[in-house]
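Asks: Next come the chains, spelled out residue by residue.
Number of protein chains: 10
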Amino acid sequence: MLRDIDPILSPDLLHILRAMGHGDELVIADANFPATSTGQRITRLDGLEATQVLQAVLSVMPLDNFVSDPALTMQMVEDPSATPPIVLMFQDIINDVADHPAQIQSLERFAFYQRAKSAFAVVQTGEQRLYGNIIVKKGVVAP
Amino acid sequence: MLRDIDPILSPDLLHILRAMGHGDELVIADANFPATSTGQRITRLDGLEATQVLQAVLSVMPLDNFVSDPALTMQMVEDPSATPPIVLMFQDIINDVADHPAQIQSLERFAFYQRAKSAFAVVQTGEQRLYGNIIVKKGVVAP
Amino acid sequence: MLRDIDPILSPDLLHILRAMGHGDELVIADANFPATSTGQRITRLDGLEATQVLQAVLSVMPLDNFVSDPALTMQMVEDPSATPPIVLMFQDIINDVADHPAQIQSLERFAFYQRAKSAFAVVQTGEQRLYGNIIVKKGVVAP
Amino acid sequence: MLRDIDPILSPDLLHILRAMGHGDELVIADANFPATSTGQRITRLDGLEATQVLQAVLSVMPLDNFVSDPALTMQMVEDPSATPPIVLMFQDIINDVADHPAQIQSLERFAFYQRAKSAFAVVQTGEQRLYGNIIVKKGVVAP
Amino acid sequence: MLRDIDPILSPDLLHILRAMGHGDELVIADANFPATSTGQRITRLDGLEATQVLQAVLSVMPLDNFVSDPALTMQMVEDPSATPPIVLMFQDIINDVADHPAQIQSLERFAFYQRAKSAFAVVQTGEQRLYGNIIVKKGVVAP
Amino acid sequence: MLRDIDPILSPDLLHILRAMGHGDELVIADANFPATSTGQRITRLDGLEATQVLQAVLSVMPLDNFVSDPALTMQMVEDPSATPPIVLMFQDIINDVADHPAQIQSLERFAFYQRAKSAFAVVQTGEQRLYGNIIVKKGVVAP
Amino acid sequence: MLRDIDPILSPDLLHILRAMGHGDELVIADANFPATSTGQRITRLDGLEATQVLQAVLSVMPLDNFVSDPALTMQMVEDPSATPPIVLMFQDIINDVADHPAQIQSLERFAFYQRAKSAFAVVQTGEQRLYGNIIVKKGVVAP
Amino acid sequence: MLRDIDPILSPDLLHILRAMGHGDELVIADANFPATSTGQRITRLDGLEATQVLQAVLSVMPLDNFVSDPALTMQMVEDPSATPPIVLMFQDIINDVADHPAQIQSLERFAFYQRAKSAFAVVQTGEQRLYGNIIVKKGVVAP
Amino acid sequence: MLRDIDPILSPDLLHILRAMGHGDELVIADANFPATSTGQRITRLDGLEATQVLQAVLSVMPLDNFVSDPALTMQMVEDPSATPPIVLMFQDIINDVADHPAQIQSLERFAFYQRAKSAFAVVQTGEQRLYGNIIVKKGVVAP
Amino acid sequence: MLRDIDPILSPDLLHILRAMGHGDELVIADANFPATSTGQRITRLDGLEATQVLQAVLSVMPLDNFVSDPALTMQMVEDPSATPPIVLMFQDIINDVADHPAQIQSLERFAFYQRAKSAFAVVQTGEQRLYGNIIVKKGVVAP
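Protein sequences appear in the order of chains E, F, W, Y, B, R, S, H, V and X. Residues in the first sequence are numbered from 1 upward in steps of one, following our numbering. Residues in the second sequence are numbered from 1001 upward in steps of one, following our numbering. Residues in the third sequence are numbered from 2001 upward in steps of one, following our numbering. Residues in the fourth sequence are numbered from 3001 upward in steps of one, following our numbering. Residues in the fifth sequence are numbered from 4001 upward in steps of one, following our numbering. Residues in the sixth sequence are numbered from 5001 upward in steps of one, following our numbering. Residues in the seventh sequence are numbered from 6001 upward in steps of one, following our numbering. Residues in the eighth sequence are numbered from 7001 upward in steps of one, following our numbering. Residues in the ninth sequence are numbered from 8001 upward in steps of one, following our numbering. Residues in the tenth sequence are numbered from 9001 upward in steps of one, following our numbering.
It should be emphasised that the hints constitute simulated quantities derived from the structure, not laboratory data. Treat the hints loosely; a few may be bogus.
Derived coverage of chain H by chain V (criterion: at least 3 residues anywhere in the stretch with Cβ under 8 Å from a Cβ of chain V; other residues may be distant) [what the hints assert, rightly or not]:
{"hint": "1", "stretch": "7007 to 7014"}
{"hint": "2", "stretch": "7017 to 7029"}
{"hint": "3", "stretch": "7048 to 7062"}
Beta carbons: idealized from backbone N, C-alpha and C, even for Gly.
Just chain E, with the same shape it has in the complex (with noise of 0.2 Å):
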């Protein structure tokens, strides 16, 4: 463990992280998520939720201001226009963690597939809940 980062970034994904650059972008991916057969790279968070690991996320990643769509989520299928509960959550997260303020926005399912096979990396979690899967992009830290 290290001083004041939070516990649950493990030694490659603090790696990840620190290695990306301005427009790099990170999946956070539920445990049914096809990552390894998706990812440019991959790493695993078993047993934690998507919530935990965004958190921790965004506590060391500048989130990108230079573009409208920083953080993204799945629509979906049934219903596009609505929202499911977890990115709620997600949202509210972003609102208290992030250095920068966003509003989530969506893609098709089959998009969101196709964006996550050209991110940087993904993170597999545990999370069970329904469409607990959202991408972040990385923006940068102010001299």
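Starting from the known structure of chain E, fit chains F, W, Y, B, R, S, H, V and X onto it as the hints suggest.
Replies: For chains F, W, Y, B, R, S, H, V and X alone, coordinates are given in the frame of chain E:
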């Protein structure tokens, strides 16, 4: 995730548990344990408690009933005969989950480190309670 | 071996099944299938029948119930509408073991090969009966 | 599969058997044997019996006739002079299949483990019967 | 060496032949063939003739009888309809050793190179005779 | 870069610091130190001073307070009891930044080299001042 | 360290510079640049300014004088014709240190990213000033 | 060193030359050539002249006499029809050493780069003279 | 193939011979020798006789004339003073091909195995004659 | 090539020299030296003389002035007190190029081999003169 298998058993940990044979030992280590410099094989379950991990491990791994000490914890340095609270919880889990009864035995701190060096693998958890380490020895599945 | 897990699930196959996500596909191939040149990941269970392996796989892997064709076999070249005897046995195993009901669908021979190339993994068995290949798609474990 | 070669001899096991030389030893281990932590090279034949594997191995591997103990099993801990039932079956297979006659000798349990550590390779089978392990030493093929 | 298996089948070549499936092709190439830059997998049998290697390969590998061209040689550039002397010897070996009869077919030189690029493997021999290359397609072993 | 984490902590150094456990040691070495031939793991921060690196390391790494010598420098060969100027600066940084107070202890030159060989890792800096090396031992983060 | 070679040129960066040939390009990137996801080869100089690194690189690397644009920076998004302050400093360093005079040219932001993807390597510095990126093309050393 | 083999043929270069087949090409490149970013395989002979290396290569490698252009150099950009002095020396070496006569042909500069990308390997020499690059195509050794 | 180099010297064997230095030893082993478990480096020439390989090796490798035993064979177990027929042929080849005269010396069987373990490499041939093993020590090429 | 750096310093040799620290040793070996079997790290400069390489190495590498024997050659076996001609040339180069004066010392032949085994690296040159080997110890660059 798989049916009827505790989802905190990650792909790597399942592989380790399945590849271990009779007499091989697994160290479930707390968040401060020097796992990377000690273990022959390492896997991580950051953010989880050692008690959660012990319960999941024993749900699939038989405990060795050929020896009298298939479960080993570290003695408190200041009082070798005392039992840290988490060890009582480890004992409860063994009583509840293990396929064979076993009384936890203990090793002096440096003897514990030596034993860990020859173990099959170390699982580093996020356990933050003191003395949150346990070594379990794999038994056989009766035909 | 592990408690209550079919012992023919080897360390590598368990790792594959646990790492697969929703929608990933596994090919259970017979002994003559060109598995090494087709599969993205390969593991072997020489000497075992495809039916044994299907039963073991479905005992832990949820079958996808979001699609109508989560189980696919190869059509007989000479009579696409016929059903080879082993496929009837595959259907019985699904009926008995799978977590969701599913009617096996079939693919023309070369379409089957193409589908296998994009699968998550191929398990090469020792199955010697004709048309002893099946593709199964992983589903989700409900929370 | 290959013509006139037992199909349970996998690509890796055939490679091992062909690469071994005079005096090199192979361990055919049961499902509980600590193969991964013991062997210099490991291959697996999950789900098969040790007797099946011994028969297949001896169908292609010459047995050493320069020594008096080219086949070794583990002594029963409780009664070193007794012969476990599976060892009688091993002896029958040698009598039937091997290119040279050989009387199985036995080693005390820990001497057997030590011998296995210096063997060329270990094949882990799915054998569930007790004492289902045997070490065979490769001989020469006469010109 | 192994019992009743041609000793020129090296560990690597045996592994390749055993891992190939129905429809996979093997190129037996002469000493001047650009094997390293062409083949997906390469193994070498320097100093041996292509005819020796073909005989050894066909002693264990079934020839495909589902297609009309399971054996292919290269057409003479100057006279596509002529048959080089070594091809007559290849045909004799097939007649003597193969499990199924097959009439060697031929490919124009550059079509042969293209076919070799998609083969499972290339075995580079020490064959010095002209047009000493042949592609053989693996068949099935009947149950 | 990450929020509130010193940007000179590179991805590799963060990974090392996070993976170290209680009692593992890190060598911060000057530009002339034989780091590549000494260290079990090596990372580099060329162009930076050892004092900058010590400050960044201690901002995240707890210092061991179970031992009396969690910080070690090299004794001046010519005057073992003297204190090189940079060591005074190291002490100031510990006083300012470390989570526990610690008095730097020193080792004879060759004892220092031996200690470095068993350390978890060596960070080679661009430090050009004499005796610009320090070993720090990781402590625990209290729950 | 080496005699008369700037010590911030690390072993890896020296290797890269020496292995580059005429026309190969090096990206000196700031701390926010997505170097890991962009570069064909990556090396890091955390904590250093891009201007320091440019000066060290040009002290050993010849600049291409066969083309009119051997040094390229990124245009300011909001004002493509403006020159960020750090670019003026880059130009001063080229004027002082390079073996050939060169006028820095600029690329639109996304054209710059594309160019970086085809560069020989990216050096990620700790530069925190905006637009602190420059691409330099290697020239020849006259005989 | 080996008997009667030019000692500048290093272990790696000998391996490359021996592994090449009929029609494979080798690039002998000068010290400024972008060999690392161009070649499929790279080996180096720093400090040697391209003429020395050509002489050594042709002492063991047959030159292709099936094509009219088994030796190719780069055209002078300013005067495509001119012949650089080193090319005259290359021609003399071919005349003296090659097993078949060949007239050097030339390629426009960028066509030469493209051709080099598809070559079997590039040998980077220390040649400092302009246009000191040559591509040679391997022939056959007559039986 | 290469000009004037015996074609049975494969790419790997040529690399080994060229990389060996004064005093390094090569084992030419017969088909039953435990080469894989003995040698530090292994290469194979299946199907060839040890005498063919010795002749090819000595055509390029100088034999050490600084020692009295640059060529060593294995003593016959039953009659250490006897000379197996193949050793007479080895001696003839040395007399004919080697650059220095040398009288073959012999080692007791287990001393031969020990010597082979410290050799630079082992070439496993297809030699089937008894005692078909020889160790040769590399000499120097005079300037 | 790089500006003002001897072009015979290859990418790998530059990397080695830059990564070496105070007290690390480099062996410059002649063409007959058993470099591959002796060195911990190997690089080659085939075709060059050891004197050329020593000159290039000392142009960038400081020589250790903390010890009395920073340069070591091999004693002539037949006359340990004699000085081979090439050693006189090594001494001249040190006198001309090194940053510190040093008198070459010598080691008995087998002591030299032992010393080489613990060196940081060996550079194998094409030197053909007898006793053309030298070990140089790296010093420090004064601040």
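Asks: Now tell me if each hint is right for this structure.
Replies: Hint-by-hint comparison with the structure:
no.: 1; hint: 7007 to 7014; verdict: holds (count 6)
no.: 2; hint: 7017 to 7029; verdict: holds (count 3)
no.: 3; hint: 7048 to 7062; verdict: holds (count 4)
Checked against the numbered hints given earlier, this structure breaks none of them.
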